[in-house]
Amino acid sequence: MLELRDITAGYDRREPVVRGASLTVAPGEAVGLLGPSGCGKSTLAKVAALLHRPAAGQVVIDGEPVNGWRHAAPRTLRTAVGVVFQQPRLSADPRLRLRELIAEPLRAVGRSRAEAAARALETAEAVGLTGELLGRRPHEVSDGQLQRACLARALVLRPSWLVCDEMTAMLDASTTAALVNVVEDYRREHRAGLLAVGHDRVLLDRWCDRTVEWSRIAQA
Amino acid sequence: MTAPSTDPSPAVGTETPAASSASSASFVALRVLAVRGLSVRFTMRDGRHVAAVDDVTFDLAAGECLALVGESGCGKSVLASALLGLLPANARTAGSAVVDGVELLGAGERTLARTVRGRRIGLVPQSPAAHLTPVRTVGAQLAETVRALTGLRGTDARDAALTAAARAAFPAGHLDRYPHELSGGLAQRAATAIALVGDAPLLLADEPTTGLDRELVDHTADELRRHADEGHAILLITHDLAAAARTADRVAVMYAGRIVEIASAEAFFGSLGPRHPYARGLLNALPEREFAPIPGLPPELGDLPAGCAFAPRCPRADDACTVLPRLAGGVACHHPEDRHA
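Heads up: the sequence lines are chains H and Z, in that order.
Add 37 to a position in the first sequence, counting from 1, and you land on the number used in the numbering used here.
Add 45 to a position in the second sequence, counting from 1, and you land on the number used in the numbering used here.
Just so you know, the hints here were simulated from the structure itself, not pulled from any lab data.
Don't take each hint at face value.
Derived CB-CB ranges, DEER-like [unchecked claim]: (1) H/D99 - Z/A217: 37 to 43 Å; (2) Z/G315 - H/P102: 50 to 56 Å; (3) H/E221 - Z/R271: 38 to 44 Å.
Just so you have them, the derived chain H footprint on chain Z, three or more residues with Cβ under 8 Å [claimed, not checked]: (4) 115-128; (5) 246-259; (6) 321-330; (7) 334-340.
All C-beta atoms in this analysis are idealised placements derived from N, C-alpha and C, irrespective of residue type, glycine included.
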């Protein structure tokens, strides 16, 4: 289980943007979190992805509370959760070629260059990126292609959990359906849990096992 | 309702020869924009050519909204940049694009700055918060635009700014705010107010709803519709089919730089549906429909297949598709969906 227990989170000493939010994702389960712009759902997504330390409350993975937070949780724990954000142009290092972008998490956890390259290639193929495209840098590909690379990067360490924060908000209908299919194939194969955050009710209802309203899980 | 224009000459009857030759079949009374055979080609550093927009032809009348839809990288935004004269130096254009009597392609910077941008074409930008200057209030930016476009000063300028704000439904009480103090919806209206100052007959909305939540998308779409109903011609460039369905009178689908289908929004989104296999695929990918992606990726614009660019992804493709299909009867396909079952 990925459990968010009574999370309060914010930035600096300002008023917290998330108050008392609780949410659970079971292994293999897809949960959609719906909320309007500015409600704090992206902040909660960052907490779930172990990238943003909550001011209060606990993140618990498979019964183990996440400890040792600095700004983010320790890297060894973070590898359990893959994350994809809304804007691929802000997520992707503009200097890296797509194949380096996808392989980087593997290198960061100490895999050999050869193994990282092979695994990256495999994951890239799963998201529909092949051949010469992988030698390009972010400015040389479309938003859709770059978001595919960002999804591959999130999956390359084979995480047990995936957090998708408005992953498809910038994308056309066909690319949206394609990326959702990639996530679902991955989840079936690895029995991974998903937290999909967004504002598109039709999409999240279609994609997820259940959807919850922001107002139901957090205090106003 | 007449087309608003700062130009004393009427919006019609000032066609170039290129435009008039193709207009005989058209009975549009107040044509604001006439695009004929518009092509944009980039020369890359290694000498290759990339045809980002290829042989695009369409008309747009006052009071009408045309949605230009397609996947990312299909050439929609390059088309917008071509109309505004904002293409990079390695771009070459061909064809003709006449807005309210002015030929845009090949026009000099002076012409574009003095007669086109803001005066004949108002731009409703993709991310209004990034489009506005962060260090000045909305009111100051509106006033600056009024001074630049109308030459009005003092009280008259302030009145004009207030009028533009009111037309964009931007609350006058918020004019002293800075862009970061506005919600996404209000920032969008502020940017729209600036686009309305010059009374441009054509509004160009480039992905105005990207990244907004559904409520704001609907709201922005409805505002654009209202501006169309008030007599503006609107070219809505978007990948958001829901926003297009809500706003547009007609839909043009772009694929690999070409218009592959142009149809009334009623037929396109209604029970008849699109006729081009690509357009059908795009619509079927919506989560409220089949939620099935079109297989494969869009082709590289620098390396297009001979014939129909969609053929490698198309379930209907056969030998005929090695010949480039012309746009005829609103669709460029050798095997379009038959409307008469």
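Do the hints match the structure? See the list:
1. H/D99 - Z/A217: 37 to 43 Å: 56 Å, violated
2. Z/G315 - H/P102: 50 to 56 Å: 54 Å, holds
3. H/E221 - Z/R271: 38 to 44 Å: Check passed, 40 Å falls within 38 to 44 Å.
4. 115-128: holds (count 4)
5. 246-259: Contact hint for the region 246-259 of chain Z vs chain H: holds, 5 residues under 8 Å.
6. 321-330: It holds: at least three residues are needed, and the region 321-330 of chain Z offers 4 whose Cβ sits within less than 8 Å of chain H.
7. 334-340: holds (count 4)
This entry does not satisfy hint 1, going by the numbered hints stated previously; all others are met.
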